[in-house]
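A.B. asks: In case you want the letters, here they are:
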Amino acid sequence: MSALYLYPVWLRLWHWLNALLFLVSLVTGISMHFALGWLIPFDVAVPVHNTSGILLTVSWAAFLLGNLVGGNGKHYLIDLRRLPMDLFRQVRYYVYGIFVNEPHPFHVSAEHKLNALQTLSYVGVMYLLMPLLIVSGWAFLFSAQLPETLFGVGTIWLVAMAHLLLAWMMLLFLVVHVYIITTGETPTTNLKAMVTGWHREGARAEARGARGGAADSR
Amino acid sequence: MSGIPNHLHHQAVTWTLGLLLALPVSVVPGAVYAIDGAATPGASVAAAQDAAAHASGITSGDSPACMRCHWMETMAYRDRDTQEIVNLSIDRDAYERSVHRELGCRDCHGRGYKHYPHRTNSADEALQCVQCHEQHQGDERHHPPKLDAFAIQYQNSVHAEQDLESFSCFSCHNPHEFRPLPNDTPVPQVVAANNNLCLDCHTELRSPVPRGHEWLPRPQQHWASVRCIDCHTPVAGRDLYAPSHELLGAGDSNQNCVECHSQGGQLLAQLYVHRAAQEREQEGFFAHALYNDAYVIGMSRSPLIDLIGLAVVGLMVLGIAAHGYGRYLAHKKTRPSEQEAA
Numbered sequence: 021m022s023a024l025y026l027y028p029v030w031l032r033l034w035h036w037l038n039a040l041l042f043l044v045s046l047v048t049g050i051s052m053h054f055a056l057g058w059l060i061p062f063d064v065a066v067p068v069h070n071t072s073g074i075l076l077t078v079s080w081a082a083f084l085l086g087n088l089v090g091g092n093g094k095h096y097l098i099d100l101r102r103l104p105m106d107l108f109r110q111v112r113y114y115v116y117g118i119f120v121n122e123p124h125p126f127h128v129s130a131e132h133k134l135n136a137l138q139t140l141s142y143v144g145v146m147y148l149l150m151p152l153l154i155v156s157g158w159a160f161l162f163s164a165q166l167p168e169t170l171f172g173v174g175t176i177w178l179v180a181m182a183h184l185l186l187a188w189m190m191l192l193f194l195v196v197h198v199y200i201i202t203t204g205e206t207p208t209t210n211l212k213a214m215v216t217g218w219h220r221e222g223a224r225a226e227a228r229g230a231r232g233g234a235a236d237s238r
Numbered sequence: 469m470s471g472i473p474n475h476l477h478h479q480a481v482t483w484t485l486g487l488l489l490a491l492p493v494s495v496v497p498g499a500v501y502a503i504d505g506a507a508t509p510g511a512s513v514a515a516a517q518d519a520a521a522h523a524s525g526i527t528s529g530d531s532p533a534c535m536r537c538h539w540m541e542t543m544a545y546r547d548r549d550t551q552e553i554v555n556l557s558i559d560r561d562a563y564e565r566s567v568h569r570e571l572g573c574r575d576c577h578g579r580g581y582k583h584y585p586h587r588t589n590s591a592d593e594a595l596q597c598v599q600c601h602e603q604h605q606g607d608e609r610h611h612p613p614k615l616d617a618f619a620i621q622y623q624n625s626v627h628a629e630q631d632l633e634s635f636s637c638f639s640c641h642n643p644h645e646f647r648p649l650p651n652d653t654p655v656p657q658v659v660a661a662n663n664n665l666c667l668d669c670h671t672e673l674r675s676p677v678p679r680g681h682e683w684l685p686r687p688q689q690h691w692a693s694v695r696c697i698d699c700h701t702p703v704a705g706r707d708l709y710a711p712s713h714e715l716l717g718a719g720d721s722n723q724n725c726v727e728c729h730s731q732g733g734q735l736l737a738q739l740y741v742h743r744a745a746q747e748r749e750q751e752g753f754f755a756h757a758l759y760n761d762a763y764v765i766g767m768s769r770s771p772l773i774d775l776i777g778l779a780v781v782g783l784m785v786l787g788i789a790a791h792g793y794g795r796y797l798a799h800k801k802t803r804p805s806e807q808e809a810a
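Just so you know, the protein sequences line up as chains A and B, in that order.
The first sequence begins at 21 in the numbering used here and counts up one residue at a time.
The second sequence begins at 469 in the numbering used here and counts up one residue at a time.
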């Protein structure tokens, strides 16, 4: 069994804090958008959504800082030459290999925490969608300073539609993210790694060995 | 017309008499919604200091002689024809906070006060807000806002069309108390001050099921969040800083919910900016962001985006469920084979 200390404390703290803020924003946002007073009363949802949105901005800035000076940024660099092949192997594994118990095409190491698909989606989410979501959120808060119309359409409407579209895309990411992390060696390998910091592999093989041993002794 | 503190206002029927001051004097630049001082508790300290810095018309010249009687709260009489109580009292504090505070009584009320009691028509002498503001446009110190656009709008309003004999500026706006609301006034207070202008006469609209508004869900909640004029003035050519005085009757007013509660509604855009602008100067950057409650339910609603979003996320969840089930089957298949191998 191999154990790899992948996620330092600051990173795990950031991850779970970010997740909490994201969930709060999501739930309050849904409650406001669909006028679900029973979910969260409107007058509570609005200030909470504003607050979590602002904190999410701070959290994103922390992510950026951690990547720039904390050395974590290397995991988000895309190797364009290897990307097509890595991507193919990763996708092939998810749509085929995983059902026939093929070995995982990617092995986590301190140098490479993320597989090609993860890198691509995280870069898309954290460097494209998230900044846009944040900008559209702040545009909401300070819309009085924006021009009344943009491209002949009300600015606030454009901002609202952008925020809504981005929110749906982020929800999609969340759904996929929560499922994909279960595709580690065991369904909880990756989750445990983000909780404890240690990525442990080989536990399943040992468990199988133990089970096999038990069968033998019977 | 931007930069003009728009309309004046007032709550009771004090206009019928008394010392009507129509001379505009001081203007608070950038102030948005005007109401009288009485409706803004808390503003009094700053306003009092402000007032002290300027000459007060009510305590200078021969105004004190007028105020010997007119400061009394009980100064009133019953009109013989209408049987209504006519209030002759001037609220001194409110006056000294008002934009007209530098004016002495006789700046506006010129004639007919030698005899006691004064003639009942003394106060009704031709006091003209619009003309007076026009005449003093050259007054560099005070810059009274031009009111002629309001006059034109008013001519087309339901108030003018109803041909109410006694309707005038003073029906809604009390020049003795008029002052613009400070920019940092919370939105609910602004809305209340504005709507009180209307509801003081249209008292029947305070009922749970206001006449003519039966179609409107939660009327009292609307009264508290939106200004009457947001629906009852023409949408075109609106100016946040000078609300139209062209009040529309029921037939011409907006009755379309989605104008406010949906995508790109014109009213919504104005309403949102109005609310956000009101909060702009409220206690700094973060406070503004945190307590920004300009969001209107439905403003981010787009059935198309919601449908696509729901479909994509729904399909993804189904796909994931199928994928997970497939993994489970694969897992089950290997276990017996492992055990056999063992």
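Since the hints were derived computationally from the structure, they do not count as laboratory data.
Certain hints may be false.
[To be verified] As a list, the in silico DSSO-like pairs of lysine-lysine whose alpha-carbon atoms are at most 27 angstroms apart:
no. : chain 1 : residue 1 : chain 2 : residue 2
1   : A       : Lys212    : A       : Lys94
2   : A       : Lys94     : A       : Lys133
3   : A       : Lys212    : A       : Lys133
4   : B       : Lys801    : A       : Lys212
5   : A       : Lys212    : B       : Lys800
[What the hints assert, rightly or not] Pulled from the structure, derived: some chain A residues nowhere near chain B, Cβ distances all over 10 angstroms:
no. : residue
6   : His53
7   : Ala55
8   : Pro61
9   : Asp99
10  : Met181
11  : Leu185
12  : Leu192
13  : Thr202
14  : Glu205
Cβ atoms here follow ideal geometry from the backbone N, Cα and C, with glycine treated the same way.
A.B. asks: Look at each hint and say if it fits the structure.
C.D. replies: Okay, the hints, checked on the actual structure:
At most 27 angstroms may separate the alpha-carbon atoms for a hinted pair to count; Lys212/A and Lys94/A meet this at roughly 23 angstroms. Distance check on the hinted pair: Lys94/A and Lys133/A sit about 10 angstroms apart at the alpha-carbon level, within 27 angstroms; holds. Between Lys212/A and Lys133/A the alpha-carbon distance is near 15 angstroms, which keeps this suggested pair within the 27 angstroms criterion. A hinted pair counts as satisfied when its Cα atoms are at most 27 angstroms apart, and Lys801/B with Lys212/A qualifies at roughly 26 angstroms.
Restraint check: the Cα-Cα separation between Lys212/A and Lys800/B comes to about 23 angstroms, which is no more than 27 angstroms; the hinted pair holds. Distance to chain B contradicts His53/A as a non-interface residue, since its nearest Cβ pair spans about 5 angstroms, not more than 10 angstroms. Consistency note on Ala55/A: stated as away from chain B, yet its beta-carbon is not over 10 angstroms from all of that chain's, at 5 angstroms minimum. Consistency note on Pro61/A: stated as away from chain B, and its beta-carbon is indeed over 10 angstroms from all of that chain's, at 12 angstroms minimum.
With a closest Cβ-Cβ approach of about 27 angstroms to chain B, Asp99/A is found to remain outside the 10 angstroms limit, as its non-interface label requires. Not every beta carbon of chain B lies more than 10 angstroms from that of Met181/A, the smallest distance being close to 6 angstroms; the non-interface claim is violated. In this structure Leu185/A is not separated from chain B by more than 10 angstroms, as the shortest Cβ-Cβ distance comes to only about 6 angstroms. Under the 10 angstroms C-beta cut-off, the non-interface status given to Leu192/A relative to chain B is violated; the minimum distance is some 5 angstroms.
Distance check for Thr202/A against chain B: the nearest CB is about 8 angstroms away, which does not clear 10 angstroms, and the non-interface claim fails. The claim that Glu205/A is not at the interface with chain B holds, since no C-beta of that chain comes within 10 angstroms of its own (minimum 12 angstroms).
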